[in-house]
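*Asks:* The residues making up each chain are set out below.
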Amino acid sequence: MHLFIEQLINGITLGSIYSLTALGLTLIFGVLDILNMAHGAVFMFGAFTAVLIVSKLGLPLWVGFLGGCIVSGLLGYALEMFALRPLRRRKNTSPLAPLISTIGVSIILENIARALFGSDTISFRTSISDINFKLGEIDINLINLVILAVSFTITILLYFWLKNSKSGRALRAVSENPDTAAFLGVNTSKVITFTVVSASCAGGAAGVLVAMAFNSVNNEIGLAMGLKGLAIIILGGMGSVNGAVAGGILLGLAETFVVAYGDSGYKEIIGFIIIMAVLLIKPQGIFGTTQKVKV
Amino acid sequence: MLSYLNSYYIQIGSFTLINIMLALGVYVPLSTGQLSLGGAGFMGLGAYLSAIAVTRFGLPIPFAIVIAGGVSTLAGILVGVPSLRLKGVYLAIATLGFGEVIRVIFIKWETITGGATGISAIPLISAGTVRFLTEQNIIDSSNKNVASDLTVFLILFLITGFFVWFFVALKNTRIWRANSAIRLDETASESIGINIHYYKVLAFSQSAFISAIAGALYAHTVSYISPSDFTYHRAVEALIFTVLGGSGHVLGAVFGATVLTIIPEALRFLKDYRYVAFGAILVIMMAFKPEGIITDNIFRKIRKK
Amino acid sequence: MVRLKLNKIIIIAVSLLLFSCKADVPKVKGEQPNSQQSIKIGIIAALSGPAAGYGNSIVNGFTLAASEINKAGALNIELIIEDSAGKQEQALSVVKKLINSDKVTAILGPTLSTEMRLVGPEANNSGIPILATSNTASGITDIGQFVFRDSMPESIAIPFAIKKAIEKYHIKNVAMFYGDDDVFTKSAFDTMKSTAEALGLNITTIEKFQKGQTDFKAQLTKIKSTSPDALLCSALYNEGGVILDQARKIGITVPVIGGNGFNSPKIFEIAGSSSDGLIVATPWFSESVENPKVLDFISKFEKAYGSKPDQFAAQAYDGLFIMAHAIKTAGSADRNKIRDALASVRNFNGVLGKFSFDQNRDVDMEPFVLIAKDSKFQLLQ
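Quick note, the sequences are listed as chains H, X and E, same order. Residue numbers are given in the working numbering: position 48 of the first sequence equals residue 48, and the series is strictly consecutive. Residue numbers are given in the working numbering: position 273 of the second sequence equals residue 273, and the series is strictly consecutive. Residue numbers are given in the working numbering: position 225 of the third sequence equals residue 225, and the series is strictly consecutive.
Bear in mind the hints are in silico, worked out from the structure with no lab data behind them. Since this is a predicted model, take the numbers as computed values, not measurements. Check before you lean on any hint, since a few could be wrong.
Claimed, not checked - PhoX-like cross-link-like pairs, simulated, lysine-lysine; straight-line CA separation at most 25 Å:
(1) E/Lys71 / H/Lys56
(2) E/Lys373 / E/Lys308
(3) X/Lys87 / H/Lys282
(4) E/Lys376 / H/Lys56
(5) E/Lys373 / E/Lys71
Stated by the list, open to error - Restraint-style ranges between C-beta atoms, simulated for each label pair:
(6) X/Arg131 / E/Ser38: 33 to 41 Å
(7) E/Gly200 / H/Leu8: 34 to 42 Å
(8) X/Leu170 / H/Lys282: 55 to 63 Å
(9) X/Ala280 / E/Glu269: 15 to 23 Å
(10) E/Gly200 / X/Pro60: 39 to 47 Å
(11) X/Val66 / E/Gly144: 24 to 32 Å
(12) E/Asn349 / H/Leu8: 56 to 64 Å
(13) H/Glu176 / X/Arg300: 56 to 64 Å
The C-beta atom is built at its ideal place from N, Cα and C for all residues, glycine as well.
Please model the complete structure; the sequences and the hints are all you need to start from.
*Replies:* What follows is the structure in structure tokens.
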């Protein structure tokens, strides 16, 4: 029984990180109608930044965390300014152009990362990584709890901000209908930029948490995470915040339990199987709405 | 000129031709407005089917390649039909997912695919011809390799040339006009009586066929395949060829594939930054010239002059 | 206007093509009739991409060996080094260039077994002797009569490691964990599994992971629950280091027997003290200080490159010396004679010890079995 609980904790921790990544993706989709294929690369840069700040510069963990978020936010800003905005200026582009453009950005970032950070895995030792304790028969790592707490907090903050704050409402207005929102006095440009930047920050934060959880980073994690993020928002419904959270946890649990009770060879592919299944059965996903950021 | 008859350059030529086929595999569905990122999956399917048919069942190579193409076309239809209800981005992801699932099947189904170890010692498409030429004493061991590489290149050239001619010839037919209409506006096309389902699935299965043939030929050119040869990266590469070259015209795909296969060889010294350049190409093209380099306009202007 | 643009594009493309051709004009034409002239040896190594760590180490070994051979005077070796980036297709293009444009006498490399699958047949069919110095998969020398290897294959190393571990730790139950999507890790796993079965060990569970994963908690938790006496793990050092680290953290304290991927100082960088208890078999152990030849090599290498040589550098170094020895024995640059001379190499005195090819042109040597303690490897007694 205690094995089940240990795996459950593994699954939920993993899931909470996935949710955080998916939140960023779903926000960008909701507001811009764009699938940001570069999200994974941004996530990876955030992770590497944090690791380097802590390991090479010896600064405390929270500085690394902040550094990771800031770098990711900056990359998001660059993404919006150089890749996405020029696209919006042309009137009759096909919806595939932004997709292809973000694929281009992801390739650029992945290869710059390889040139900057090398292809090797870099280990990430933090002051809390070695603390474990036992609850009865169950082994618990302190770091799992910290991750759960941080991702939970960020998610709830985002949720309430979207629902209640003025800028949150502005964001939802733009996602519903940019022209109407502009008509009503919302500065759509600013909202869009802000969305991309905060979504990327969330991605970077998730990256740092992943580095903490697994004590290491390497440049393959971006692609894998980007594709999983895709699976989650398709499962949960593109543009739905609830969907991102639910989907993330579900994927985390699915991956963990397929290992615990099935064949671990399928762990990475579960995401894709979910994508295919959902697209076949109910393409809008669990929480059903497309093209709107719904809370 | 004789220095060009050199295995190294012939090899680059052969890879260029395979890339052209893969670029066509992206172009064809794109001409109906569907973005398929599953090219690597169909390529892998074709490669494995042909390699297995030849190495495990001893079938003759041309036979195996045809079977590979045929089965993959069926697979293309099977994927194409449910994909009809998916638009744009969703379709792209579904095809991506398909490619990855196929790749994992290659890894898992060890008994028949060899798993991650792959399949080695696949006979080359030039094997039969080389044997014949050696028996007739037209070639000997000193030029056997060049003869083999040249044969491979010529076979690839003929097949690729056929595909390109086919799609260029298609230009003023009903099919092409229907595809263009669908690409521009599906609802309008349907309302004037075009059977969009038929054309979309047709394009999809054509893409599957071409990618599979490219894969089968690849297997019989390099003689060793493994699942890691057919990843998402390869599908994206084919996309880049088409997007850069010109997504509106067949020759665009040809141009893009040729330029982007040859230039990296010439720019060896750039090493890892080569891919940064690829990514930058995508971003810049989309921002400034999403139709690509070769467009219908160019041909119109040339014809006018 | 547009016509100009199209023309411009064509001109650029053609000139690039011509430019790239110019760079490949062979320097010396014809055969080298006597060994005092330069013997051209082609080197295929992964100098960029994920395998670059191995590739650079290997090229350092070759370069050091070449300078010593040339200094000794009997032979003059010219190395033509090409980068394969660890990609098979590129390796194939490169070997064709070496054979057809540069007309090399022999080839050393490529870095990865997967590349050898394409490169080997090409070299073999062209009658060019090729010596692998870092491939460890099975079936390499089966490719053909001209294919040789001096890098110890997993099929020798792993059974040694497992047997020694059983002796020392009285192991009866083992759990297995391997990367199922990579050729090496899978091939090493196949060897581990057949060895374990042949030795009558009880396999408690077999778990898998894929390249690039950094989260192994789920699989490791499952492994821990089966209470094995040891973990047989087949991974490259990136995943391997992380696996070790996470395994120790969730409480797996038993010895971990690793394949060749673990045989790298990078493991200590990634796993730190979690690496204690890691067992690997290796052909190269630089702490075997009795041999003056080895000490000499290590100090020369360190002086030239700033770090101690690893097994890849050592195997490369010995590899070039073995090739040079074969060329001297053959007395000419005749590739068939060189091939035959290689095949008859017995008890060659190298930094790896006494080296011989077996009748399959493969390695005939015994490895050292090492265990990691305090971020260092030491002999497992």
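*Asks:* Each hint should be assessed against the structure and marked as holding or not.
*Replies:* Here is what the structure says about each hint:
{"no.": "1", "hint": "E/Lys71 / H/Lys56", "in the structure": "42 Å, violated"}
{"no.": "2", "hint": "E/Lys373 / E/Lys308", "in the structure": "19 Å, holds"}
{"no.": "3", "hint": "X/Lys87 / H/Lys282", "in the structure": "13 Å, holds"}
{"no.": "4", "hint": "E/Lys376 / H/Lys56", "in the structure": "22 Å, holds"}
{"no.": "5", "hint": "E/Lys373 / E/Lys71", "in the structure": "40 Å, violated"}
{"no.": "6", "hint": "X/Arg131 / E/Ser38: 33 to 41 Å", "in the structure": "37 Å, holds"}
{"no.": "7", "hint": "E/Gly200 / H/Leu8: 34 to 42 Å", "in the structure": "36 Å, holds"}
{"no.": "8", "hint": "X/Leu170 / H/Lys282: 55 to 63 Å", "in the structure": "36 Å, violated"}
{"no.": "9", "hint": "X/Ala280 / E/Glu269: 15 to 23 Å", "in the structure": "33 Å, violated"}
{"no.": "10", "hint": "E/Gly200 / X/Pro60: 39 to 47 Å", "in the structure": "46 Å, holds"}
{"no.": "11", "hint": "X/Val66 / E/Gly144: 24 to 32 Å", "in the structure": "30 Å, holds"}
{"no.": "12", "hint": "E/Asn349 / H/Leu8: 56 to 64 Å", "in the structure": "59 Å, holds"}
{"no.": "13", "hint": "H/Glu176 / X/Arg300: 56 to 64 Å", "in the structure": "42 Å, violated"}
When the structure is compared with the earlier hints, violations turn up for hints 1, 5, 8, 9 and 13 and for no others.
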